[in-house]
Every structure is written in C-alpha cells, then in structure tokens.
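Assemble chains B and C onto chain A, guided by the hints.
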Amino acid sequence: MRTVHFDHRNHARDAAFPSPFHSRQAQHNRMKEWSRWSDYLSVPAYWCADMEYFAGRNACGVFDLTPMIKHRVSGPDALPYLNRLVTRDVAKIKPGRVGYSVWCNEQGRVLDDGTIFHFDEGDYRICSQERQIDWFLTSAQGFDVDVREETHDVAGLALQGPTSFAVLNALGLAGVETLTPFGLTTFDFAGASLTVSRTGFTGDLGYELWVDPDHAETLWDRLFEAGELHGIRAMGSQALDLLRIEAGFILAGIDFLPAWEAVRPSHTRSPFELGLGWLVNFDKGLFTGRRALLEEHERGSRYRLVKLDIAGNKPAKDAYVFGGDGKVIGTVTSAMWSPSAKASIALASVETPHGESGEELDVEIYYQRELKWHRVMARARVVDKAFWDPPRRRQTPPAKF
Amino acid sequence: MTNTGAVLIIGGGHNGLACAAYLARAGRPVTVIEAAERVGGMAATREFVTGYRASCAHLLYLLDESVAGDLSLASHGLRLAATELQTVALDPGGEHLLMAPDGLEGGGLGDRDRAAWPEYQRRMSKFAAYLGTLRSQAPPRITNRREDLLALGALAWRLRRMGRDDMREFLRIAGINIHDLLNEYFDSSLLKGALGFDAVLGAFAGPRSNNTVFTALHRRSGAGNGYSVVEGGMGAVTDALAAAATAAGATIRTGVRVQRIESDGLTVSGVELDDGERLAASTIVSNADPKTTMLKLLGARHLEAETARRFHRLRTSGCTAKLHLALDGLPEISGLAAEHLDQRLLIAPGPGYLDRAFNPCKYGEFSRQPAMEIILPSVVDPSLAPSGRHVLSAVVQYAPYRLEGGWEAGKPAFLEAILDTLEGYAPGIRPLIVGSELLTPPDIENLFGATGGHWHHAELSLDQFLMLRPAPRAAQYRMPVDGLYLCSAGCHPGGGVMGSAGRNAARAVLGGAKK
Amino acid sequence: MSTKYNAIVIGAGHNALTSAAFLARAGMKTLVVEKNDYIGGATVSLETYRKDWKYSNCSYVASLLRPEVYRSLKLAKYGLQIVPYGGGATFSQNGDYIGRYVDPDISRREVARHSQRDAHATERFDRDVMRQARFIRQFLLRTPPDPTSFRPRDLLELLYTARAALDLGEDLIYDTMRFYTMSIADFLDEYFEHPLIKASHAGSGIIGSAMGVMSPGTAYVLLHHAMGDVDGSMGAWGFARGGMGAVAQAMHDCFIDLGGRVQIGQGVSRIIVKRGRAVGVALENGDEHYADVIVSGLTLPHTFLECMEASDLDAGFLDRVRHFKIRGSSGKLNIALDGPPRFTALPEGSELARGDLHFVDTMERLERAYDDWKAGTWSKDPYIDLLIPTMTDPSMAPPGKHFMSVFVQYVPPKVDGKDWTDAQVAAFGQNVVNRIEEYAPGFKDLILHMEVRTPRELENEIGLTSGNIFHGELTMDQLSFNRPLPGYAQYRGPVKGLYLCGSSTHPGGGVMAAPGANAAREILGDLRRINTVPEGWLDD
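Protein chains in written order, with the working numbering: chain A, 1 to 401; chain B, 1001 to 1515; chain C, 2001 to 2540.
Source of the hints: derived by calculation from the structure; they are not laboratory data.
Errors might be hidden in some of the hints.
What the hints assert, rightly or not - Output of the computed footprint for chain C on chain B, the stretches with three or more beta carbons under 8 angstroms from beta carbons of chain C: (1) 1140 to 1146; (2) 1203 to 1211; (3) 1359 to 1369.
Please read these numbers as outputs of a predicted model, since none were measured by experiment.
The C-beta atom is built at its ideal place from N, Cα and C for all residues, glycine as well.
Chain A on its own, in the form it takes in the complex:
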C-alpha cells in the first residue's frame, strides 16, 4: 500500500516513511540500521555491504528502488515535450523501450539524469534521483501534456546480478527471456500488473520491477521464493554504490551538482563535461540548453569526467588529482577498491585538456591505518572502459547463471 502520507498535518511526526517493502526489509535487516532516502527509510546494508556486493556480482541482489523519483508524462504532446526537455532524441526510444538521458538548463548545465520509460504512444515515465516537478511543469508551458509526480504510487525493486534472469524465469514470467537490454514489458502478476525493464545501475545483467505498492510485499515474497536456489540476497545502498562505481555510472549530488540546486553556478557541469556528450543530439531540433551546448561544443569544455585506474591498493576517496606539472587539475568524485577488477578505481572531474584516454596523472590519497594517517601520491591512468562490463550484461536471451 501507499506508505507516504503527508496530506495530514501529523505527517511531521516522522522524518521518513516506511517503504512498501518495509516489513520484508526489516526481516532481512540484521544490522538494524536505517538511513533516509528522500521520503523513505532505506537500508544502507542488511548484513554486510561487501557480501551484498558479491551477491550482486556473483548471484543476484534485490534493492528497494521505491524512493527513486518518478514522473509520469502523458498526452498528445508528450514526445515533443520530452524532446524539448532532454538532450537526446526521445523519438528513438520506441514503445517498450527505456532510454537514459540528461536534461539541462538554458546554460547547458545538467539539472539531473534519469531513465525515460516509454510505455505506449504518448505515455512516458521519467525516473530520476532528484525531484523535478517545478522544472517539468515550467517546461510544459505551450505543450498539451500532463505531467505529475508518481513516486509514491509505484513500488520498485532492482534485481541485479548474473542469476537475475533465472530468478524471473522461476517466478514464471513467460517471455522475459526475449527482453533485450533497455527493453520494457508488462506481466500479469498475482492479479496485478508487473512492469519489468531490463535496466539497472550495476553494469551487469539485471532487471527493475515496478508494481503497485499494494502488491509490493507479495512481489518481494515471491521473488525471494523464486530466487532461493539462485543465491538471491537483499542488497543495501552501500553495495549498490560499489556496483555503480565499477560500472562507471555517475550519481547526482556525488559526481556532479544538479544545476537547479547550485548556489554557485560555476560548480555545475555540462553533459560533455560528464562524458555524456553522446546523449546530446543537435540534429533533433530545439531543446533547453541547445544554444549553450552548441557553443560549448564548438569552443570546447572546461572539465572532463574520467575513469581512473590508480596504482596500488588505497581507495582514492576525495583525492586531489595532479597533472604532469604538479598542478591540481581536479578531484576524485567517487572511488573504491574494486573487488572484481582488483584495482583501486575512481571517477574524477578534471580540467581539460587533461583527461584524454591513457593520460598518466597523479592522485594524492589520504588514508588511515589504526588512527594513523598516511598520504601517498599514486600514479593513475585515464581509462575508457568501465571497470566492469561483462558480455552477459547484453546477452539475449540471458544465461541462467
């Protein structure tokens, strides 16, 4: 059932609400720790972040996606509206497909990124990290389109990892094997409609399942039943963060500052500066930010978001990045020791012209061992490819393990 209620003045008694999966999360949550994510209680780690991470890479992990912000965009002008809103050509996202995109303000700075689910002609959902309704409605002026937030009306679970397909198969979702990456389809499930998309935030085989909150607990239970022999595990946000860094995915508020919340406009980034130039389509016509981005495209960008493969084994969290001449040219935005790649890896924002693939940089790492702080300068190489990108991610039909 819908668990977030703020229509009554008593809403203020709680700073966060249970998710529709809360009763089940609580059963799995051995650590008894809860964090807040948007309006919901979320689990940082159920029993051990590292073990949950390995479940995601080796079997499959279940992550509660309900707090993701969801907006529904529908109406005759939904497509032209979205095309004016986001940087990529939404016409290329056919019904039954999902597309990743960013949207910008007029200065060409990224407001947020998210996935666009195309259900049917003129019916879309945008999933994003941050709330957008004011901006989305502002952008709707002049379009025959209905835009509303539906975050609390849809419960979501991410099922990620190599056995995720096997689990869905065991769940009896006939035809799910035909779903290609970024495909989207709907099943009858326990008397309700279950939407399944082959999407995820882990860079591996994985699915996202969307259902009415009333059926959330049923979905969870059936999923864990079906997954029992496939190594299914509940997964918390800490494990997910490790998985997404390995996959090279950026996170709003961590790897870039959403422009709408920036008090200092110069701290924001353009899609080009986030390595997302491939999402910018200058041929599709007008979109917000086009002029500024075209100008930047011609003039060159100031920053570049890079993946770093760092020598040694010290995670480079919050580290400064130095260029060849010993000058600070940027900072690490996300970093970790990658258990899968067996490497210290990072995402970093550096000033151009630095950051070309293969460039050797230095990273200043502070780390602590038993309360003693150390500082090391480590060599780091700019790499192109994500640190984790197995072929099984794209294989259709997927393998069962």
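Chains B and C only, in chain A's frame:
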C-alpha cells in the same frame, strides 16, 4: 541564413511602421501585415460615435525626433494642431493650477512651492534627458565582453558627466517613489497630485510605489514640443509613418491577421495568416507585444524553457482605461476659463486621492473616484467632431485588467463613477453627452491585441527596463530564434508613441544575423 | 567637570558598543554615554514585569549579527549564546497552517501538503535567495565606495563591486537587478502558486519597512532578513539566551575589559563643535567631555537635528537629514503568560510553537494592512511575527511561565497625523490580542502582564526616530553608498572628528553590528591607529 532577404513585419503600429520605413529605406523588401483595416494600432484615429473621432493614445510627447527627421514625417503629412500644452491641475474647489515649465499659476500655492519649482524642473529635465539618450541604442548586455563593457562604461561616463551633485541625486532618487520626492520639494497637495499622476500614468503603481520617479522621468524623456495634439488625431502620426514606409517601397497589407509564426525553434520560416495563407520569410519583425509574439504566435514550445518562463512572467496587466465622449457642445469646468479647455487637464487633486484611487486596483476593483488626464482635441482640431460639437478624450485610472466580478457587469458602474467624478468638475457635462466609448484593459486587449491591455505592452518599471526589457538576454530586439525580432513598446525603451524601438529593431535586423 | 578622551561614543546600543570595543582595543581611551539607565538601546532585556522575568523589549531575535564581530569581540566568553529556534508556522483563516520545520524533508512535505509544485519551487526560491545573500554578504563589512569620486580607494572599491557583480555571471546579474527592484509580491509570484505559501514568505519583505508587499523594493527587504545565519545555517534565526540584552551586555563587558568606560543615565544634549571640528559632548547634567573623535550611534536625525546646533551644519545638509526616510511602521507587544498558549490548528505538542508564528494567508491581507498605515492608522488586520522565546530559553521566565514577543506591523508613528494617545495605544494592543485569541482561544486568560509599544514608545524610550527599527528605511535611496546620505556613506559626518556608527549607516539595521565595526575601522584609519576590526569572512 540570408541577410539581405525580405522582411515581414507583424503589426502596423507606430513601431512596426517606423521599422518598415527604416528597413525599406535600407533597400530591404518589406511587407507589413496588419490585422485591423487601418494601420496605427493604439494610435489609430477611430470613429467611436458616428461623426466623432478619437485615438486611444491621445497626446504626442515622446516621438523620437530622429525618427521624425529621418523619415520626414512632416512631408508625409504630420501636422500638429497644438504644441506645448500646459497642464492644468483641476481643483475640486475651482482653484485650478496652471503648470508651465517656467512657472506655476493659481492653485493657491505657497512660496516654497513656487521657489522649488525651477530646481525640480531643472533636475527632472536633466535626468529625463539622460534617460532620453538611452533610447537611441539597444541596451548593452552585462558581460565580460569588451563591447559590452565599453557600452556600460559609456553609460556610466555619461552619468558622471551630469556633474557630481546631479549624479548623486540621480543615483539617490532613480529607484524611489514620486511621493517621497515631491514631499522634499513641495507642500501643495494639488501640485503633488498632478506631478504624482504624471508618474503613475499607465503604471500599476500609486504615488508611493517605488520606481515611480523612474516612470516620471521616462514620461519626460522626450525632447521637443512637450505635449502636442496631432491634427487628425494620433492616427495621423501612424499614417505619416505608413506613407514614409510605402514611399520607401514597403508593402502594407491590412485586414489580415498573422495566426502563427512558423518555426522549428531554431529559425523562423514564415507566418501563417488567419485565412490559411502562408508567407515565407526568413526575417520576421514583430510589432505585437512580446507575450503575444513569443508565447502565442511563436509558441512557448519553440523557446527554451527558461526563455519561455521569462516572457511568461513579464508583467503586462494594464490598469488604465480610456474614455471617449461625444459632446453636443463645449463643457464648462467651474473655475476654469474657456480658453484653457485646449490644455491638458488633470483630475488628481492630491497624493491621497491618487492613493485611494490606486488601492482598490490592487484587489481587482476599479477606482470609485478615478484620476484622469483629459483633453478636448476638437477644440484645436475641429475635424474630429461635427461642427460645433466636441470630443473629450480621457485616460482614466485605475481599472484593473481582471475586475472582481468581471467587466461586463463592472463597466457600466465604472462609467458612472467616471461621469460622477467629471460632473464634480464640469457640472452639466452629462446632458452634453451624445455618445461614449469606455475602453477597459480587456477592451484594449481585444481591439489592439496587446496582452493585458497594457499601453506599454508590458509594465514599465525598473525591473522591466533597459537590458531587462522585455526579458534578459532578449532585450536587444533580436530573439533567441534566428530571424525573429521584436520592435514593440514591450522592448526598450518602452511605450508612448516614440518609434525608437522600431528604429532600433531595424538597426538590429540590418546589423545582421550574427549574435 | 571635564575629562579628555580619545573617543566618545554616543549611545550604548549594540553598534555603539561594537564601535567602542574596537576603538578601545586599539588603545583608545573611550567613553560611552547612554541616556537611559540601562545599556543596549533596542538590544535590551529588561525586567519590566517583575523579577525573574526578562523581556526582549525591542529586538527579539538574532541572525544578522556578524560572526566576525561575535568572534573578534569574544562575545561567547562574555556570556553570549545564540540558540537557533528553527521552524515556525503561518496560520490561515480556514484553520490550517503551513509549517516550517528544521528538517528539510519534513518541510518539503509540509509545503507539498498544500502544493506539490510549490514544494519543489521552494528549493528554487531558497537557492535564488541564497545566491543573493552570498553576493551581498561580502559587502557587509566593507565601506561603500562613493561612485562619484575619483579617489583611488573609491575607484578600487567600485572595481571590487563591479568584479563581484561580473563574477556572478550574466544571468545572475540580471536576476540581481530584478531582485533589487521588484516587489516581494511579484517576486513570489515567480515561484509559487499557493497563496498561503506566498504569504508565509512575504513577511520578511516588509518587516521594519514602510512599504507594502506590492511596493517595488520589498524583495530586497526579504534579503535583508535572509542574509544572516546561525552557525552557517543561512537564513536561520535564533534567540539570544537571556534575551537580546545579552548581546549588548556581552559587548559591554568586552568593552569594559578593554578599559572602556560607560556612563549611563545621562543623555547627550549637544555635540560640541569648535572651529568646524567635533571636540566633545555636553551632557544633560551639564558635564562636558572632550575627545579626539565623537562617534554617534544615534539615528541620523537624532544626531544632527537634536544633538547639534544648526549653525554648526550646512543648511543643505540639514535639509537632506530632514528628508531622510525614517518612518515607524511597527509596534511590539511584550507579554507575560501564565502558561503556554495553545494554537488550536497545531497538533498537540507540535514543535512549530517554538518558532515564529504568523497569521496571514494572502498577499492581499498584507497589502490591506499597509493601506491602513498609509491612511494614518494602525492595521486592523496586522502582520504579526509572534515568538515565545521561553519555549527554547529557560532563563527568561519562571518554569512553566512564558514570555511572548509579538512584533506587529503596520503601526504609524502618528495616528491620523496626531500623536498617539494612551487610549489609542491600549486599543491597538487590544486589537492584536484579539487577533491572536482567534487562533489560540484562551490566550487572553493567560496574560499576566503586557507591555505595548508603538512608535511613540520606541522613540521616547530608546530614541528610534519615528519608531523606525532600522534607523532609516531600507530603500534604494538609503542603501549602500546612499546610506544614510549620498556623499556621507563612509561613516564620517559633515564636520571633522564626527562619525556615525548606528544602523542609519551601511549596511543598516537588524542587530548586525556591521555599521559599528565599519565605523571603527574608518576611525582607526583616520587616526592612523592599528586596525582592530576583522575583515569579513569570504564565502567561496
């Protein structure tokens, strides 16, 4: 995109016609599309009662001299029936005040008022002249770019050249309200009322609203003949502009309305008319108000979202009504010699009166006792009315665009309130009335297409002036869609029959498509 | 009797004490003279009702107090504690309210309860106001330049200002220009759709000003109330523990520790000018004190029209002073309560009652309140900023009892052009009490004592000319290089040796202590003494 092609101008108001004339003189093929049967927009002279004619804009005081000169308007038929009208501040007790730039007469003024008058005039004229100099150029943008910094530096330098004291005074008063300023100079309520009214004419503001020193200065920023009455009504100005444009080779089509500007959001390609006809054009200049042009004709969807928001938030609700009375004879104003009936008569006896007139407007109600600027143009131009008959033309404030309860019900009541007020000064005027026309802001919107019925096309205020008018980044006449330009009063330097925006827009067109 | 000092500071308000402390720290022998037999001016806590009860009689909350001054004068060491109260509520006539909570998520949901779009727009609004606050804060502890001057220091300061503006970037410059010239009503229209949300933000645009919400220029007043912070939480407000008098008391104690001397109970009857130079002050009791510099913490008109001989001043200058806009627009009720009032709209035990409470739900009601003031009377339906400091601060009233501070606007300096009568003061107070009673039935019965202050009391007791709480309106003609008067914005008076350090000077009122600090820096510079005034902390 071609830089020498044909130009299509939407709307044949004075700025559209001025723009057409300048472009045609520069050798551009120009077509003006006007929705009404005649050109002129709010300046057009219209027959409001059979045999009686008047124009919505009724006084000429801001016409850009260089436009008049460049386009030889005199040789195209512009004649002034009267110039340098004096202002008469009507006093309910009959002790009226005659205001001339060089002195004050009557009104029961004290010595302080008379003594302060020359200095007030000097300062305000000087400051207004500074504003006047801003008219001749597109406002600079505020960026680090050299040309912008130079333009801004030039503005600052001209300010400094006023002299230290005057510059200080200008910087002190530019953002404040007329009420406080007048109190520093004068005691007479009648005088302060009249000067205060001049500051708020056409504005959603009372005398105590800040920015009204600015609006007062804007109103005085014209050079030349002060207030003039044009022979044949203000339509003669636009007729002369049309003649100048036609003589230079422009084509003017009337009675066809532009329904839509065709665009993909990157460039414009033409317009669609209400009869379905399509006209291709790579350069379009719109004399329609900014909101109509950008949000209706072009469409918000063809703008980036923030640009659309900037146009959307433009404040355009008018609060000024226009009254035209057809009179059987010349009215009498108690205490005023008949020879003064050719002057500009103000009903605004005191700042308190103005405040009380303004207050209801804030809440969607009309003034029970409105303030008025009245002229009887037929006294100096008998062609406007049948022989021996007269036309009374009055700007009336305040009439909110959105009236609580609607204008359909409210209009007769407002007319009664106006006539009652008039009767207080001109007893016996009612029986003289053979016909009348009261144009509320929605009427003005319907007749002339100006969003909100605002005669400036957008509220004239410091936050909607210079590089902020009509919207930041779109204040240099060139719109963010390639090939589209604005030339209306909604652009710098604002409303009043000036022609400056039309000329400046023409320059922007001729300056090329380069951003 | 006559003594010679390095500096004499007139008045013992927070700015005067700030100036005095910085001068004393530079080794100057400094005397502060105060007409009342208590210090603090408008930053005062008195036991007006009875012992163990403290009122914040005038100013009642703190946020703008410059942290640089706070730290530099070691006010914490002298006992000052500013405790944030967080939150607040604006009540509507239909029995509902909009709450503001410390937790941003709860706050957002509370707005969403009324309008989901406004909930998201609030973040845009907060960000834009924050951008403006960041811009203006760098100027608070700087002396404004004279834009007409070609002196190097003015040109450099103009350059600094121009660079700071250009650093904002083109779009933000335009936003700033609009922000400074718009009305708060128009400004809020660009963000919000729900009338209650707008009304809940609008109060900050008018507090202390003689303008209505629809008057252009009120958006800036909002900024004046949003540019402060409590420990880095921008826009937050807090209580001074023990009442606002604690602020002045800490400054006073610091000043005394630095060797300063304070004489209370004797007002200055005249600033002594000899040969075009201010050389001393004559007190009401006939004493004369002499000093190298005289520093006035009084309002501009109070200083020049009441404490100086017209013959010592230029007639044109005096005209300017007379035209200085300093109109009272607010009043205050200080109430001792037998117990906590119960605002029926709030859920039992709601934390919102600890914050600022308001009773207005449309812009129209706010504007109509202003119409009353324009017409020369107090607002029948006034804007109210109500706080109960004792919900947070246990030191101001006996346990279980409460002190309630009720700021009321609009209240004219004169009623229909005539001086206030006692009956009118009482009627004004009663009207406010009745208004509160509508939202908190039974409130009246809790009242043990009530102090009603109109501009008359504010002027008579603490010398706020016309009862204006900011020592002069915050309008374009009286801000930055125009404050208090064009050409006199650098804290120097028209005669040598005379300085101004009160809120009539840049950056204005609000218990900021910046005018006092800036004046001290100018004085020390003129005297070629070591500068003891801290630089502003830059926000990067």
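How the hints compare with the structure:
1. For the segment 1140 to 1146 of chain B, the proposed coverage by chain C is satisfied: 4 residues have a C-beta within less than 8 angstroms of a C-beta in that chain, meeting the threshold of three.
2. Counting residues of the segment 1203 to 1211 of chain B whose CB falls under 8 angstroms from any CB of chain C gives 5; the rule of at least 3 is met.
3. Counting residues of the segment 1359 to 1369 of chain B whose CB falls under 8 angstroms from any CB of chain C gives 3; the rule of at least 3 is met.
Figure legend: structure checked against the earlier numbered hints; every hint is met.
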